[in-house]
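Residue numbers (the working numbering), protein chains in the order written: chain A, 74 to 375; chain B, 240 to 629; chain C, 36 to 120.
No lab work stands behind these hints, which were simulated from the structure alone. The beta-carbon is built from N, C-alpha and C at its ideal position, and this holds for glycine as well. One should not assume that every hint holds.
FRET-style restraints, in silico, Cβ to Cβ [claimed, not checked]:
id	chain 1	residue 1	chain 2	residue 2	range
1	A	V233	B	K454	34 to 40 Å
2	B	F378	A	R366	39 to 45 Å
3	A	Q285	B	S361	39 to 45 Å
4	B	K452	C	E78	29 to 35 Å
5	C	K45	B	R505	42 to 48 Å
6	A	R366	B	V440	27 to 33 Å
7	A	V233	B	E501	45 to 51 Å
8	C	D74	A	N283	45 to 51 Å
A few chain A residues that face chain C, going by a derived Cβ cut-off under 8 Å, partial list only [claimed, not checked]:
id	residue
9	I81
10	I107
11	G114
12	E325
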Amino acid sequence: MAEKSKEIDKSSIIKRPPMDLKHPQETLLRKKAIPTIYCPGCGIGTTIHAFLEALTKYSKIPQDQIFVVSGIGCTGRASGYINLDGFHAIHGRAIPFASGVDIAKPSLKPIVISGDGDLFSIGLGHLAHAARRNTDMTVICINNAIYGLTGGQDAPTTPVGAKTRSTPYGKISFPFNLSHITIANGATFCARYTVYEFVQLSKAIGRAINHQGFSFIEVISNCHVNFGRRNDLGDSIAMRQMFKKARVRMKEEDIGFDLHKTDIEYEIGKGFTKIPTGVFLNEKDEPEEFSERITHAYEFKK
Amino acid sequence: MVVEKQQQKVLTGTYFKNGNWAIIEGAIASGIAEFFAYPISPASEIVEYVTYRLPAVGGKAAFIVEDEIASINMCIGASWAGSKVLTATSGPGFSLKQEGLGLAYMTETPLVCVNIMRGGPSTGLPTFSAQGDYMQAQFGSHGDYPAIALTPWSVQECFDLTIEAFNISEQLRSPVILLADGEVGRMMEEITIPDEKDIKVINRKQPPKNTDKSKFRQYDVSGQDDLVPPMAHFGEGYKIFGTGLTHTEDGLPKLDEDLHIELITRLYKKLEVNKHLFTEPYTYEIDDAEVVVIATGITARACLQAVMDARDQGMKVGLYRPITVWPFPKEDIEKIAQKAEIIVAEMSMGQLIWPVERFAKKKCTLVRRIGGTPPEPKKILDAVRKLVKK
Amino acid sequence: METHQHPEDKYYFITDEERCKGCGLCIEFCPKDCLGFSDEINEKGWRVAKMHRMKDCIKCYMCERMCPDFAIFVNEDESAEKAET
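Could you build all of it, start to finish, from the sequences and the hints given here?
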């Protein structure tokens, strides 16, 4: 914003556009619910946008077969803004709800969009089991390293030393590596991107939706109001610039069996110093997903 | 021959079986497609039998999930996808399910939750019987909601009331709880399953086929006399949205006082308008009775013995057994209290006596026994004798 | 809604004042520094972002993608897109 003083050119404004100009994702937005409840510059809005772009550009599954479930928290409201079948489940239980729908109607593809607190704190047990069963669903976890909606308490993803409202002397316990946990529990597709890498994120979500079985996308997002402000990381712009610097692209071959290579590094005062991003796991032979396995197991009756 | 029999949806005939078996047969006769639960005594037999029986009659899935909370949420999901679902549990599991049940009441999701009651609190007496979950069934989840709970006293009723529970749940778009005590669940006695054509199965109201899908409002009750909105399902093109938050008729969250009052009042009113759907209570000679014994489940069977003995001895005693415990039959209790003294017999420290005393507007006698057995008929008879003498 | 048209490529650029929350992400991440805050304040009290120099725009979609509130978009010329496919 250095050259702010440049003069403003208003000659390009046209009063009456020749056609009805709409946002490319407008049909996928619930207009009654917009504007969102999110703070200005929040990464959740960007992630929803990336998801909608993935649906329109990269997904091979028809939109009427997709439904979106979310849990509680800031991210929990995401499903309400998307004009598809959706459900806002109770805290931590978005995955069981989605599993129930997937079993009752296997033709539907559940997308779970929820936060790190919802999926990995109160709902970790369900995530592990859905990954173990290889339920056909895509989980998009927006990781902002904090409980945002309740006012900024420390989450299981808050890095050591970070100050939050409930850790005034700095976070004591170690954080989770979400991608590591999910791969260890049996997910067949796993990727991590920051909100800065919009195009890559959107393409990865598209791949995850097309993937048969349990796919997981971790989105590193900025909660500049509750996390950034208390740790001197600045506003949403500064935090996204931080992501831009900290991201390190990694490929499946680079990681091998040592999932600790995907650990996020954080320094007090500096913020995130290393965020490995990329597609960490993509099982190419796509093992049979759960609802198909059920159908095969019960074939005796026909 | 055995395999052929298994493929029948309704096993018409007379059997000598237990209550847990009858509940599954009732649920299958109602046409459940999924069953999700977590094993817990004394409801484990349900889980074991349904995983064998349901796939064989064309059900989509019956399996054990990771925990009680997951099971209720998976049931809600499957119900929103258009299936009839059942879950079964016992006391501790029922406590864990409460938040999910609250969601089901708020989002108006039809499902049936069986609770085979066991001794508590906490792990308590896992394999023993109790009647301690009556209050939990109505007040277990936070906030205001009208609960529906049915309670059987025999194996035959386990079958009949399960079908009844599904019919009520589908018609009212509400979860229904089947509260059977452990004794009823595991007791073996004769049960007759009628012909398939004699079983009345009602399915949920769905939006008419010519509905404009883009204008569909999922909680719109205008034109619905029963105050129950028709239920659209996922994958039908309606783009529905469900939330546990206070919601508008479109299903979208809106935190507004008036809206909340309107929504919660409708949930209560829905039950009042459809009062006729609830199962009538069982009564035994209460018309001329001076003393009426109120009891449910296995305790009511002990009471029936006591009441019969008392009648033999010339005392004017009757038995009133509410089959629909929630919503509480307050008019009946008020009527009984006007002309008779009331004894409440329970297999708990006293739960049903709270609403009974509230609506009777007088002190009632409580006969209780905890620890796995119902009060003996002798004890109830003693209590009756004391009141009659007065 | 303020609509701009690129002087040469004729595509449209739209900012929606009602949705904008003034976070400034689009301004920061515009590689050509086309955007800036306007003096206008919208109904919710945010200072909204506006297109300042449309002739510099290179249609990179960075602003559209960075915007968390669906307030900025570049309208792809539909006829051109059809010709491509």
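Status of the A:G114 interface restraint (C-beta, 8 Å, chain C): It holds, given that the least Cβ distance between A:G114 and chain C is near 3 Å, below 8 Å.
That 29 to 35 Å hint for B:K452 and C:E78 (C-beta), does it hold up? holds, 32 Å
C-beta pair A:V233, B:E501: status relative to the range 45 to 51 Å that was hinted: Once the Cβ atoms are compared, 48 Å apart, the range 45 to 51 Å for B:E501 and A:V233 holds.
Satisfaction of the A:I81 interface hint, Cβ to chain C closer than 8 Å: holds, 5 Å
Do C:K45 and B:R505 keep their Cβ atoms within the hinted range of 42 to 48 Å? violated, 54 Å
Can the hint on A:I107 be confirmed by a CB-to-CB distance to chain C that is less than 8 Å? With a minimum Cβ separation of about 7 Å from chain C (threshold 8 Å), the hint on A:I107 holds.
Outcome for the supplied range 34 to 40 Å, where the beta carbon pair is A:V233 and B:K454: At 53 Å between Cβs, range violated.
Mind checking the CB of A:E325 against every CB in chain C and telling me if the closest is under 8 Å? It is violated, given that the least Cβ distance between A:E325 and chain C is near 26 Å, above 8 Å.
Given the range 27 to 33 Å, decide if the beta-carbon distance of A:R366 to B:V440 lies inside it. Taking Cβ atoms as reference, A:R366 and B:V440 lie about 30 Å apart, which means the hint holds.
Is 39 to 45 Å respected by the C-beta to C-beta distance linking B:F378 and A:R366? holds, 40 Å
Against the range 45 to 51 Å, how does the distance between the Cβ atoms of C:D74 and A:N283 compare: consistent or not? Once the Cβ atoms are compared, 46 Å apart, the range 45 to 51 Å for A:N283 and C:D74 holds.
Does the beta carbon distance between A:Q285 and B:S361 stay inside 39 to 45 Å, or does it fall outside? holds, 43 Å
Of the numbered hints listed earlier, those contradicted by the structure are 1, 5, 12.
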